[in-house]
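Mind docking chain R on chain X? Use the hints.
Listed below are the residues making up each chain.
Number of protein chains: 2
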Amino acid sequence: MDSGQEDASRSRDDAPSSGHQRAESRRQPSTPEFLREVSLTRIEGIRVGHVQKVSLVPGKVHEMRTLSLKPLLFEIPGFLSEDECRVVMQLAQLKGLMESQLMVQDGQEELAKELNLSPEEIFNLLDINQDGQLQLHEILTHSRVRDGIWLTPENLREIYAGLQADKDGDGLLSLEEFRLLSNDAFQRFLLQRGVKRSQLVRNSRHTWLYQGKGAHQVLQDIKARVTRLTRLPPSLVDLSEPLQVVRYEEGGHYHAHHDSGPVYPETACTHTRLAANTSTPFETSCRYITVLFYLNSVDGGGETAFPVADNRTYDEVSLIQDEVDLLDTRRNCGKSNLRVKPTKGNAVFWYNYLSDGRGWVGEQDEYALHGGCVVTHGTKWVANKWINIDPDYQRQARYQQLVSQQPEDEDDDDDLTLNTDVESPSIHQDL
Amino acid sequence: MDSGQEDASRSRDDAPSSGHQRAESRRQPSTPEFLREVSLTRIEGIRVGHVQKVSLVPGKVHEMRTLSLKPLLFEIPGFLSEDECRVVMQLAQLKGLMESQLMVQDGQEELAKELNLSPEEIFNLLDINQDGQLQLHEILTHSRVRDGIWLTPENLREIYAGLQADKDGDGLLSLEEFRLLSNDAFQRFLLQRGVKRSQLVRNSRHTWLYQGKGAHQVLQDIKARVTRLTRLPPSLVDLSEPLQVVRYEEGGHYHAHHDSGPVYPETACTHTRLAANTSTPFETSCRYITVLFYLNSVDGGGETAFPVADNRTYDEVSLIQDEVDLLDTRRNCGKSNLRVKPTKGNAVFWYNYLSDGRGWVGEQDEYALHGGCVVTHGTKWVANKWINIDPDYQRQARYQQLVSQQPEDEDDDDDLTLNTDVESPSIHQDL
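So the protein lines, in turn, are chains X and R. Going by full-length UniProt numbering, 57 is the number at position 57 of the first sequence; the sequence numbering is gapless. Going by full-length UniProt numbering, 363 is the number at position 363 of the second sequence; the sequence numbering is gapless.
For reference, chain X alone in the conformation it holds in the complex (with noise of 0.2 Å):
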């Protein structure tokens, strides 16, 4: 339910720089208050099982029903006719799927050279719990994403044995036996060794098909339903990103992550780059909505898995455990707090970012970690539909006015102003 792109801003995430000091950090607005002439509606949940009537196509009444509150989540059941759901199939099949992950994924090998650290302060860092020891969730929190190899404990075991890494035996890393490893050294080891599909972080193919005019006349309905349901501004949905059409085989997963990445100042949104400071060193993805379609009924596991919704607390640590991985969804569906079955023209779609208060995107919710579990039999079939929104208001109605391509008037920023229309230039719109 993702795009490549995601890995990336995940594994910053990850990254020593984020931490507790990031919600602190938000609470002080770097940019002087303004008004805006825009605020994006926020469906009320209410509570969970809450139900309501909503009018998404002509002479029918759909029913959404509030599956929790964190991440705001909705099911609807029946968004799309049997009919549509077997067009989108047939559309991705002709266009071709491509694997949805590469088996080794680079550039993050970079980035940690670049950051040129030492091995004990590489050391100190995966030492969450800072006893001079590292236990194997400790590896794991910091370096599966790294790796693009889902690892589990019973790898680590493996490795540690293959590079004779845990000299003393009793499961753990020295900073002395870590010091003897290279950078590398683990994902060198697994991919001499061999990796299988099942061992990735996703194991599934995708394609991308285009929903803007002269699209197939489905590809446009479902739009139109899709800003309808959200009550998003139009130009918003028109400049998102195309519908994402997923195959998951029999075995496929997709482990728990989140669809986009947490934003802070530093850090600009793939879909409004050309609109950004260029030299905003990260750029994440930045979905504040997922709409996820379901395109046929899995004839055996498939469920979209939320690890942690509605919890009370969200502790990123703990969600790794030595014995038991809650982001791993070929072992540990059954133990999330809510798992989606599959229904073939059922939609569920959620928000990846809270509100920030005043009409606009917030902080990430991080919540909203979701996965695919493991299909044990059949095929699934799936389509997500993001809503890219930058959380830098400024930002985004920069992007949309360049591409919209009207003249941006540098001397009133605070004017600037969400075109609804974007496919139609001439005609502007306030919100």
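For the record, the hints were derived by calculation from the structure and aren't laboratory data. There is no bait here: all hints are sound.
As the list makes no split between identical chains, a pair holds if one copy fits it or if it spans any two.
Think about it this way: if two alpha-carbon atoms lie no more than 20 Å apart in a straight line, the pair counts; the simulated SDA-like pairs of lysine to any residue are:
#1 K53 / W360
#2 K335 / N311
#3 K53 / G359
#4 K223 / M89
#5 K95 / Q244
#6 K335 / R312
#7 K53 / E363
#8 K53 / R358
#9 K344 / M64
#10 K53 / G357
Fair warning: this is a prediction, and the values are worked out from it, not measured in the lab.
Chain R only, in chain X's frame:
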């Protein structure tokens, strides 16, 4: 933090007619949809720990911190000045405080008689897990509030011994054992033995201070500040209960309770009763918001506890276990999810009802369960401002028309509006 009326509403909550079907029955609106001209503001919580600045008094900015989302709960340090706290306590002393709870409440006994249940029927209602035995917690769950005396498992064991109720001494009551007890056997036993203040549901004294025209300026100021804080129509705040001032001596407490009862079609709100159909059999306090002011800093104890704040689920039955009773604020405050320390001048406020999703009051928020922990050192002074709103919009509107002495237009119910200023009925302003 409540008047005596509320106990009656809670005991009905325990009655057989309520239960799992409640939420279902509320989902089908009993009255046709209509357009309203009022939409109640509900302040956004965003996330636990979120801080928003609010302007309540000229030349000062208060910070309002989100303490929980279930219930929607905020804390505002320095809401009242030291002088204001002093004046409120002095005014309450001048007026005189009365016992918050009399030793024995009747009226409930009569209700049981009216329902005319057989011992077998009562046994079956009490036997939650339907195992043909009454565990201690099954007695506590149902019988505590009916008697107005707070029962602990130890109390019950003493009662069993004194009444020779548990013939076989297994700590459980069988139907045969239960049948030998009279309806009010427990209560009569406790009264004969003598009831201490610490054994009551609440152990405090309180009084009411009128806040309308002619009242002390401090009281009028507080009302105006509450209106600004809650962003609700002034008429709703003006027509609410007076300010309640409560004093807890050392050893004082208030076990966990709801300030408002659930509202069914057949239930009327106390404050709108004069505008309601007089045949409604039940009555409850309808307190949309509770604002709780701490008038002094307590030397020890006296926290406000929210046992299930932000819990993933609400399970009334599991609140009271054989060994741990989360409602007992003399014993188990330490197990509450959230505790607010009483600090002079601070205010907390929360919503006792959810939204109905259309700008009005919805279902009761069960997570708003709260109590006052035992005061271990010194005295505790608090004040409560409740904002009364009838979940039945028509009834609230009719009530406001009645008290503002405006003629009701029988032909056009949909045009009912809430007056913003009831003290000057000539000024009619639509919201």
